[in-house]
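Sequence lines, in order, name chains D and R.
For the record, in the first sequence the residue sitting at position 180 is 180 according to the numbering used here, with numbers rising by one throughout.
Count along the second sequence from 1, add 248, and you get the number used in the numbering used here.
There's no promise every hint is true.
Claimed, not checked - To give a feel for the contact side, a few chain D residues facing chain R, derived at Cβ under 10 Å:
hint	residue
1	90
2	92
3	209
4	210
5	211
6	248
Hint data in this document are derived by calculation from the structure and do not stem from the laboratory.
In this text, a Cβ means the ideal position worked out from N, Cα and C, and glycines have one as well.
Protein chains: 2
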Amino acid sequence: MIEPIANHRSIRKYKDTPVAPALLDEILAAGTRASTIGNMQLYSLVVSTSAEMRAALAPCHFNQPMVTQAPVVITCCADIHRFGQWCRQRGAEPQYDNFAWFVSAAIDTLMAAENIALEAEAHGLGICVLGTTIYTADRIVEVLGLPKGVIPVTTLVAGYPAEQPPLTDRLPLAAVVHSETYHDYTPEEIDTLWAAREASDETRELLRVNDLPNLARIFTERRYTAADNLAFSRKYFDVLKAQGFFNQ
Amino acid sequence: MIEPIANHRSIRKYKDTPVAPALLDEILAAGTRASTIGNMQLYSLVVSTSAEMRAALAPCHFNQPMVTQAPVVITCCADIHRFGQWCRQRGAEPQYDNFAWFVSAAIDTLMAAENIALEAEAHGLGICVLGTTIYTADRIVEVLGLPKGVIPVTTLVAGYPAEQPPLTDRLPLAAVVHSETYHDYTPEEIDTLWAAREASDETRELLRVNDLPNLARIFTERRYTAADNLAFSRKYFDVLKAQGFFNQ
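Using the sequences provided together with the hints, build the complete structure.
Structure representation (structure tokens):
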């Protein structure tokens, strides 16, 4: 397996060693080699390395310490603005301001982001993907000055790791792979697929700390509650409309 | 640069050599090593290798020959169904049936997909990403039997290449990278960023064949028309609702 793929773990503690600009450029260039729909490159990468900008972004990521600790924060944005501006300058009328192009641009963005993550790891850096990006997209738009036609989709922090956590466990491959068509799960299959994770020491410790009877309830009652899910959902959809991706 | 990243090109012609099942499993396993929000793995990979299923999927991709020619078609789906079923079996009430979780699950899906693409290429296979997936998601749902909570986001075809096209040109790195905050483009910058592509032999040939005065109008008048964009947009959003990702 490609070494950075096999050894990927999310890094949450970083040394303060900066990333050399030439290396950072090579890592970002790896992003541009990813597949992109129609070769339109409908994404932008906002690379924040100054202490001021990382501090300004930190609250957008619930003040997780790695945002200010890691020397590089890359906000990966779906971007129909640049392509649209080029079209208009050429007398062509783009109509990309709709949901299909949000999804297409997000596909471009995320394939580029994964290349960047792997290339960073190939050079000895660690990365972490910040799922908080979509929860506070309205604030990120302001902090980074994103114009209409640009919306943040995910964020990578990168830097030299100050920890080496174990590989994260995953469900068995059979949990996510379906042969020919979708194979729906029997209750017994669900039990089997989650058995190892539910029996792990890590889960036992989580149950103790959270005082809950099973792992699923930690997800639904502590980590991702219904109220949060709905609030974040409506907010991100509002940002999508405000940034001009839903004129349909 | 990681070799499969540096040498990636979309392959549209394939040998009929099958991909060995053990190799295919290793490639799919690479997908599961990608970052996934909260380690929930909110995606499913429907792997179609039979001639029948690839023929059934071909119209969903506008009958591009590679769908039946390539021995492996992987429909990469955002999936909140499996995780939700696990939660409900444990007496936990998931509320993931909303837009935020569509986006989060799509992030998981696409990072896994990019790993799969690179791992396939590392083993000498070629791949192509099919942007058509979101245009015909309603049909794909039927063909693959996707339950509520599952929606196709992208598709990879994979197989041994029968062509070696040149690397695709990209805009200069400066086109997609912004330092600290978003740097909006002056008209002159847009001209400069696109200059090399607009002056290429490939573009000259496209203008001749399409009988249009510039490349931008090929995009807006031939490849991605306003009428198509809006129709696909509404359709994919309808599928999103029908599959239970918009109960907000």
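Next on the checklist: Hint compliance check: list the failing hint numbers for this structure, sorted ascending.
Outcome noted: Checked against the structure, the hints that fail are numbers 3, 4, 5, while the rest are satisfied.
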